[in-house]
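Engineer: Quick note on UniProt numbering: the sequence shown kicks off at 1 and runs consecutively.
Keep in mind that the hints are not guaranteed to be accurate.
What the hints assert, rightly or not - Straight-line C-alpha distance at most 27 Å; calculated DSS-like pairs for lysine-lysine:
no., residue 1, residue 2
1, LYS3, LYS577
2, LYS354, LYS296
3, LYS392, LYS367
4, LYS288, LYS358
5, LYS395, LYS350
Please keep in mind that the hints were generated in silico from the structure rather than gathered at the bench.
Note that this is a predicted model, so its numbers are computed, not measured.
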Amino acid sequence: MFKKKPTVKPLAPLRSSDRRRTADQIIAEYDLRPSAGQDDSLSAEEQKAAATAQLSSLRNSLLPDNVQSARFTTTHGPDLKQVSGTVYVGIHPGEEQRVLWFKMEDCMYPTVYTLWRNPGIVPLLLTPGVVVKKLQGGADLMTPGLANGPPFPEKAKKGAVVAVASIESPSVPVVVGRCEIDVSALGEVYGSKGHAVQTVHWAGDEIWAYSTSGKAGQSTPDHIIGWWDEDDEDEALANRAAGATLDDKDGGGVALDEAPVSVKGTGEDIAADEESDTASQIPPLTTKEIDDAFRKAFLYGIHHHMTTNSKQPNYGIVFPLSQSHVMANFVQPFLPGYMPEQANQLQIKKTSYKNIRKFIKSLDKEKMIRSKERDGNETTIIDIDFDDKAIKDFKPYRLPRKDTSGASSSKAAAPDNSTTASAAATAATQGGADESLGQKLERKEFYKPRDRLLPLFPSTTTPSTLFTAAEIKSHITTYIESQSLVSTTNKRQIKLDAHLANAVFDGTSPLDKEVLAKGTVPRDALFDRVLAACAPHYAITRVSPKNDSFSSTTTTKPKPGSPPRIRITTETRSGNKTATRVSGLEAYHISAQPLADELRKACAGATSVEPLVGGNQKGKAPVMEIMVQGPQRDVVLKALERRGVRGQWVEVVDKTKKAKR
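Take these sequences, add in the hints, and give me the full structure.
Structural biologist: Quick look at the structure:
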């Protein structure tokens, strides 16, 4: 709603009585009234005083006594309907003045600043981080985008104000919205349609950025105690294992295109609406059976790497392995096949471990792996004992059949029965072949003489003729010798004639006057000036690693301009977090998504692929940009080298270094 800057009238102090009344309205509307514990040691008056003190403290936490208010107007919706309301601006001790609440259509909405200071005042919903980025652009949250449920919070009913956080940072809400359906009553989200939450405000919009002092909005905290239980956070990280894509349907909302890949039976596909008469007779899996299924899947994941990458160090596994990476690449693609009714029970929260962190710790206790705590809220695998008896004695089993409905966009789906387990698992973990791996690239630069330079070239030269730098040097040398322009006293000096003086040294350089006054110029300087006066062109050709012949997609027709370079930028985001951005891959026949998948595994961190801001041109394919967590310049350079990219074709920019004062 606040994607564009609203019109806010001058702020006015809120009277104490109005502040208390507004705070009490918020407390009643959100059912926040403090429950004073009964202390028999206190008298009735003392208990009443304690309850009053608690209520006063809650009021100050929601609306500090220095709060100011002002009317505002903005537009909302696809038809840009004009809406108006009231903003409440205040300052908490030790913080900056910010919009804490805003009121529209008789409903009070907290801003993210209020949510960060008052955990749990509204129901919290989770969705993948890639969806959060769309929500922070103004899109609504679609029902299939809901994560970590069902069940969902009981208070997330139709019309209720809710907070939305990413499953990567579940303790930090960054979006405020209003439920358009009864989310708490949902029994299933995948396959559902329609809007679940209407996005009203988010970290990064104009209300977040509003400040009378002109300061930028406050950065998002890394962690907030009280919004999310640590064990539940690990479970949310595990749920990221399923691959998902974005789909802006039904009026611009954001949904996950597919559900996490559920393991199907080894028989024929079962239609979604078919109910077996014997389904109720199939016994559910026990907790021990589910535990064994996850343990076997992890062993299969290690076995797959050992058999497919036998000649690589650590069998191609790059440590440390994050929780989400373990779930996505070592467990989910290798879960064994059961009857479909039982396969739906293969969820980490139905194991005795309850979350991926405790699952990793159990493997550590078996001394099969070594783990390490990171940042206090995640456990990573730092080593695997490949000589462990359980790994050595593991025997592969037949993997379940892939669910083919809409599977074209699924990357973590289980393989088909018709393929071998090893080949299918390879496809499942690698997400498809990367045609740029092993390719050979050749970058050529050409020069087109401008009209004023044509007298220096052969008479057959036309305005569209292209030359290499060596060919231009040869033609200029021929012209110099034909006109006897070599100095008799110094053969490295060339005498200027009318053509050279007028076409090359035309006053565009500060040294032109000096050269013209002397009447001679060094031979190398002359060549450099001729090249600079020509129009540059380039061509990047590709030799396929499959057939050693030029691919049909090879750039054979030279393009005007200087050769582009791949850009690697390291910058600090969200306070002290570092990210690496990679762009300019298309010119070198490299697809962004396969490279992002490789970097995600090599860096053991999250990656994303999105259109480059300001890089798209009408009528041309979009220019994509990869973002990788952490300072990953060296890893990216090595990945590009395997795709035929030379170091001089890459521009590296480090924005993390502080400017010298």
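Engineer: Work down the list of hints and note, for each, if the structure agrees.
Structural biologist: For each hint, the structure was consulted:
1. LYS3 <-> LYS577: 25 Å, holds
2. LYS354 <-> LYS296: 17 Å, holds
3. LYS392 <-> LYS367: 14 Å, holds
4. LYS288 <-> LYS358: With Cα atoms ~15 Å apart, LYS288 and LYS358 stay inside 27 Å; holds.
5. LYS395 <-> LYS350: 25 Å, holds
The structure meets every hint from the earlier list without exception.
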